Each structure stands twice: as structure tokens, then as C-alpha cells.
Amino acid sequence: MDCHQCHQNNGSCGSKRSLRWLPFGENFNRLPIEPSGPQIALVGMPNVGKSVLFHALTGTYVTVSNYPGTTVEVTRGAMTLDDRAVSVIDTPGMYSLLPISEEERVARDLLMSEPFGAIVHVLDAKNLGRMLALTVQLLEAELPVIVAVNMMDEAQRWGLTIDREALIEKLGVPVVLMAAARNWGVDQLRETLADRLASTPAPVLAAVG
Amino acid sequence: MNALSTIRSSDPHWIAHLETQDDAMLRKLTALGILPGNQIAIEQRFPSYIVSIGRTRAALDRETVQCIFVTREQHPTTA
Amino acid sequence: MSLTIQYLEPIEVAIAQIETWWRSGWGQDFADRHLSSRSFALLLLQKDPNLWEQLPGDRQQDLEQLIATTQAQLNRPISLEIAQARQGFAQAIEQNTLAEPNPSQRRWGERIHKLTVNPISGFPILVLVLYWGVYKFVGEFGAGELVDRIETFFEGQINPVVNHVTEQVIPWPALQDLFAHDYGIITLGIRYATAIVLPVVATYFLMFSLLEDSGYLPRLSLMLDRLFKAIGLSGRAVIPIVLGLGCDTMATIVTRTLETKRERLIATFLLSLAIPCAAQWGVILGLLAQRPAALVTWAGLIVGIFLLAGFLIDKFLPGSAAQFYIELPPLRLPKIRNVITKTWVRMKWYFWEVLPLFIWASAIIWVGRLTGIFDWLISGIEPIALGLGLPKETAPILLYGFFRRDYGAAGLFDLQQGGQLTGDQLLISAVVLTLFLPCIAQLQMIIKERGVKTALLMVSFIFPFALAVGYVLNWGLNLFHIAL
Ligand SMILES: Nc1nc2c(ncn2[C@@H]2O[C@H](COP(=O)(O)OP(=O)(O)O)[C@@H](O)[C@H]2O)c(=O)[nH]1
Ligand SMILES: [Mg+2]
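Chains as they are written, first to last, in my numbering: chain A, 457 to 665; chain B, 2 to 80; chain C, -16 to 467.
Rather than coming from a laboratory, the hints here were simulated on the basis of the structure.
Since this is a predicted model, take the numbers as computed values, not measurements.
Treat the hints with caution; some may be incorrect.
Unchecked claim - Footprint (simulated), chain B over chain A, 3 or more residues, beta carbon under 8 Å:
(1) 503 to 516
(2) 546 to 557
What the hints assert, rightly or not - Some chain C residues judged to face chain A by a derived CB distance under 10 Å, without partners named:
(3) Asp45
(4) Glu47
(5) Glu64
(6) Ala66
(7) Glu83
(8) Phe120
(9) Lys325
Beta carbons: idealized from backbone N, C-alpha and C, even for Gly.
This is chain A alone, in the form it adopts within the complex:
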């Protein structure tokens, strides 16, 4: 379960591991062992600030760049919420639940195969309408979604305002307005996550062979 490429490249993980003893082993985004506490995942379209948010939440740095397709693998990090260790997963971008390219599939497969206490859907405030189409799909899948409307600083500069209350009412899930790169709203997201994890029973870990 700690190696999500398994779902796409059958057997690749085995070979990866067996080569680990070699001095030239590949050590990109090695996922630590099985998490024990609840897990949350950051998902969303490419280039909306998932990795910046991941860094803000966990202190773990993953590559951040200004173009779609920077992150191609999942990375696991840890944060504490109400004295509870929570594991956070950064994912490659995906446009919809039906993947276009190989790296998109990683995020979808992860959502399908692992239980999450919360799924943070990060979206770009400037393109709210286009991105909500993915929120809709996550809700259809009955996943525990929290919507994080990111890049509010840029939206403001572009002269846009967003009515959070109305969004909450329409979607029926928690919404946080934020600008991860400026650390706006990150605390509020933490609180929302804490509430969510407190109100749902700890997810039952699926038995995975």
C-alpha cells in the first residue's frame, strides 16, 4: 500500500525494492511505511498549488513549479491535528476521475484504493467554474470532500470576489478560501480538517495484500 505505482506498473515495485541495495538505487519520493492515523489527500487539477499547500501543512518540500505536470508521484507527509498524527498525501494533478495521462491515473487509483478521513480538493479561484466540475465528481463518488479555493491573492488582484457562504450552501461541504503561497487561510483549513476528522469515525483500513 505504500507504493502506488504498483497499481499501474505491475511488479515495478518489486524490482525497485530488489535493487535498493545497489549504491545507485533510485530514491525519488520513497513513501514511508504504513500510516497508522487518519489520512488526508490533496487532489485537484494541475498547477493549482497542491504542493505548496502540502509544504505549508507538513513542512515536507516537494517540487513546486509554475506549469502543469510538475508532480508525477505521490508523496506522503505528516502533520499534527489536535495532538493526533495525520498523514497527508500530495498527488499529481488530475483533470477528472477519468485520467488522460499516466501520472493522472496515480491520483485516481489512490482515491479508489485507500481510505481517507478527508479529501482536500484544491482549486484555483480564478477558474472556479471549470474546476468545480471535478468537485462534482468527487462528491458523486461520496468521498469526504473539503474544498480549498486557492490563489485568492491572485483572484483579488484580478478583481474577483468569491462568496464562501453561497459556495458552502450549494456544495454542501466545507469550503475554505486561501492563498497557500502566502499562508492565507492555512490555519482555517487545519481547523476545518480537525473538525472533519473529529466528526467521522477513524476510517477502517481496508485489508490489502
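Following the hints, position chains B and C with the ligands against chain A.
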């Protein structure tokens, strides 16, 4: 109704129809918000097409632009 | 959840049907999956290839039929109808929640964007970025200045001390050679890694990070899409290829962002054949800097082989280039902190990747020399070197080149410092080493991403091809009595 590739002006047009049965193509267009009922404008044609859909901007090649059909006026969306 | 979208009637009927099947047993195979049955139904209706594979044949047939009946009642593809229903719903929410009270004029970013994508100004900008960023900054500053300084420092300050201390501490000359002298772990392995490879890689990653964070790369993709189509790739492949000029191993991972298997295959192949990583081209640039004619010939040959190889694969591999699409994010001012962190993280990754390898290489060479295997291998390679018109001293370099081509290049650097190579010989060995497979880590990555069979095929083409090009080049230079 005209293929977007034949449109000379840079004004926004309404997307009326996507002329393709290719699922991969449809998925890409969907990802960018290029769907009937939305507006699209051409910003540039060479070396690649640059289009804007609302506040989204994207680059596409000719084959892709050729399957986007647009109208000047908004169509009733009962197509 | 309270929120549900209504799709068109025929689609809803099909969803209901699949959900019935689901309850009657289909769902059991997917019991460990965390999506709702409605979500599964929608994915299956759109023939999600992944889920489809997991269905038994008879169910595939049932579904096939259901999809056909549903499609017959609709004017447009099912997936389009589904996407549009969602999009319509989402847009309606946007209209109720997002307002644009004071539309702003978007500022400088917009103007620069226009300049970078307009063909009249865009291509010159591209050339300027390459010239200043790559040639001047990485080539002249990183591979020239920095390498010179650190190298001089190593040769002057560290190596003598290491040699001296080793001779004092370790009484056996054979063991001394493991750490010091010509092939020692410290005097050769660590010196190559820190003095020659590190400065080049650091400057390249710094420049690349700046390009990444500004948002220039997707613009570069669109400028080069047409050229890339000629070699079987779409503009999206520009990003992994440019990254490959830093590190081919990282770039091979990033080919995942490409859409078709064919495109990923071509990109992986071209990366291994004709895209030298920063350490390598940096050293070569430094080597050939005094001989502009050789430098231009080297660059021309590699670019030519890159284009020709791509062109030929595109012709003979079934299928065609994927359609090009890329979102263009706004240009942003790079955040210095992120640029530095990212450069640092990549350098660290790279360094830990190469350092053990260099150390191992030193150790292996040591064992090889002690046991005589090394000499035996070298004597096997010598005829190849001579066949390429190279002095027999280059044989070990070719051997290192099999390990890592930048290691080989660094070896060339040593030979050239000793003034042992003519311009022609430098050129030939540089070309051959550039065409070699980048390194073992890259080979491992190809195996992981493309499978063993593909990797073997590539390797068994690349090495003979590289040697053949070197052979032909030598022959041509001799024929026309060209001395570079
Ligand atoms: N202005 C602004 N830029 C942001 C914000 N969050 C992320 N970015 C930038 O958006 C780009 C993409 O961020 P990244 O985290 O790599 O996105 P990901 O692809 O979703 O992981 C980077 O250039 C970030 O610096 C934000 O809140 N405000
Ligand atoms: Mg990311």
C-alpha cells in the same frame, strides 16, 4: 457554425459542437473547459493556437482547433 | 451526499442498470474500492480502460451492449454529455458565487506573455534564453569558471594532502591506491563528483528552476510543438527534454506526463540517445571551448542525430504524434526561496545519486587493477579506441562511459588537461560518449518505466550506434584531412 480554425477575429465565440468521436480528444477538451455552451476566443494562430476560455488560457495544435465548432451568437443549448 | 447531478434520461437509465448489476454481485470484485457505485457506473459508461480490464468477459459484453443502446438514444458521445452536464452545473455555481466587481487590467505579466509567444519576438527570446541561460551561465560560468576553480583547488590543496596523509596512515601501497593517487576514491571519485559535476549541475538546475517558476516552459512547449511533431512528439515533450539536459533520469520519470505510450517511448529513447545531461555537456563544453569548430561540429551532430532519430522512429513506429494541449498559467515572478530550495533539493538528489556511483567506480577500478581484470578489459577496449582513431589512453574513459557518460566525460577532462588529445580525438570521444546511455540510474529508470524488453532493445541499439557514429566521424575527418 464554423470551425474555430477558420475564425479570423479574436472576439469570443460560442462553442456549438465538438466534431470528434475520439475519447482522448474529448477528455482533453473537457479538461480545459472547451465544451458546448462555453465561450472561446482565439488569441494567436502561429506557431500554435492560443485560446482563452473564460479565465483559462491554453495552447492547442491545429488538429484540435479544427474539431471545435463555434457560432457568433449563443445557440439555444438544445442541440 | 446531498448533491447529485441529473444526467440526460438515457444516461440515468444506464446508471440505474449498472447499479443494479453492481448490487447483484459485480461490486464484490471492487469491494476494496472507495468510490460510490454511481461513480463506478459513470466511469464504466465512459469505458474507463482501467476498470474495464478488470471485468470478466461476459460482463464486458453486457456493458458493451448497454453502452450501445444508450449511445443510440443520444446525439453526442456519452462522455461529452456527462462532461457537459457537470460543467453546466459547475458553471451555474460559479455564476452564483463568483463576482467580478472591478475587472482589472492585468499588468506586466500579460505584456511579457505576448512577447514570449508571438513568433516575431518569441523565437529571438527563445534563442536569448538558450544563449544566456545555457551557454553563458551554465557553460561558461558553471562549466568554465567554477569547474576551473574547484578543480584547481582540489589538485592544489586537497589531493596532495590526501596522498600524503594516506601514505602516512596506510602502509600498503595497494591499499593506498584505493583512497588516493590516480584512481582513488577521494582523489578521483569525490573529485569528479564535486569539482566537475556539481558546479555544472548546480548552475543548470538554478537556471531551470527560474524558467519553471516563471511559467516560461509551457510557452516554450507551444513555440516548439511544430518542430516536435516532426519527431513524433508533441510540444508537451519539450519539458521532459529540457529537464533531460539537466538529468536524464529525472526526465525519464517526467515522461509520464505524456499522453500516449508511443510518445513516452520516443521521448525515453531520445533522452537516452541524444540528450546529454548537464554534467556531461557541461564538461564537454568546457573541453571544447578552446576549439569552436569542434564545439560546433559536436553540437551540430548531436542535434542532427536527435532530429534524425526522432524523424525515423516517427516514420516507422505505428501511430502518430499525440495532439498537443497545454494550459498556460499566468507568468509569475519566481519566488527566490522556492527557486533556491528546489535547486538545492535537486542538487542533493543528484549528488547522492552520483557520489556513491563515483565511489563505487573507484573501488571497482581498484579491485579490477589489483586483479588484472581492469587491464584485461582495457586491452579488450583498446582496439575499439584505436579503431575510432583515439589513443589507447582513452580506453579506460570509454569503459567509464559505459557506467556513466559524465564520468567518462570527466575522464576526458583529465586527459585533455594533460594535453594528450588532438582536436579530432576530443571531438570523436565527446560524440561517442554523448551518444552512450547516460548512466546506470537511467537504465534502471528505463526498465522501471518502459519494461526490461524495451530497455534491452534500446541499449543494444545505442552502444553499437554510438561507436559506429564515432567510426564514421573519424573516417570522414581523415578522408577530408580535417584537423579541428
Ligand atoms: N499567487 C499564488 N500563487 C500560488 C499559490 N499557490 C501556489 N501558487 C503557485 O502556483 C504554482 C503551482 O503550484 P504547485 O504547488 O506546484 O501546484 P500543483 O501542481 O497543484 O502541485 C507555483 O508557481 C506556485 O508558486 C497561491 O496561493 N497564490
Ligand atoms: Mg504538485
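To see whether the hints hold, each was checked on the structure:
no.: 1; hint: 503 to 516; verdict: violated (count 0)
no.: 2; hint: 546 to 557; verdict: holds (count 4)
no.: 3; hint: Asp45; verdict: 20 Å, violated
no.: 4; hint: Glu47; verdict: 18 Å, violated
no.: 5; hint: Glu64; verdict: 14 Å, violated
no.: 6; hint: Ala66; verdict: 7 Å, holds
no.: 7; hint: Glu83; verdict: 6 Å, holds
no.: 8; hint: Phe120; verdict: 19 Å, violated
no.: 9; hint: Lys325; verdict: 6 Å, holds
Hints 1, 3, 4, 5, 8, counting from the list given before, are not met by this structure.
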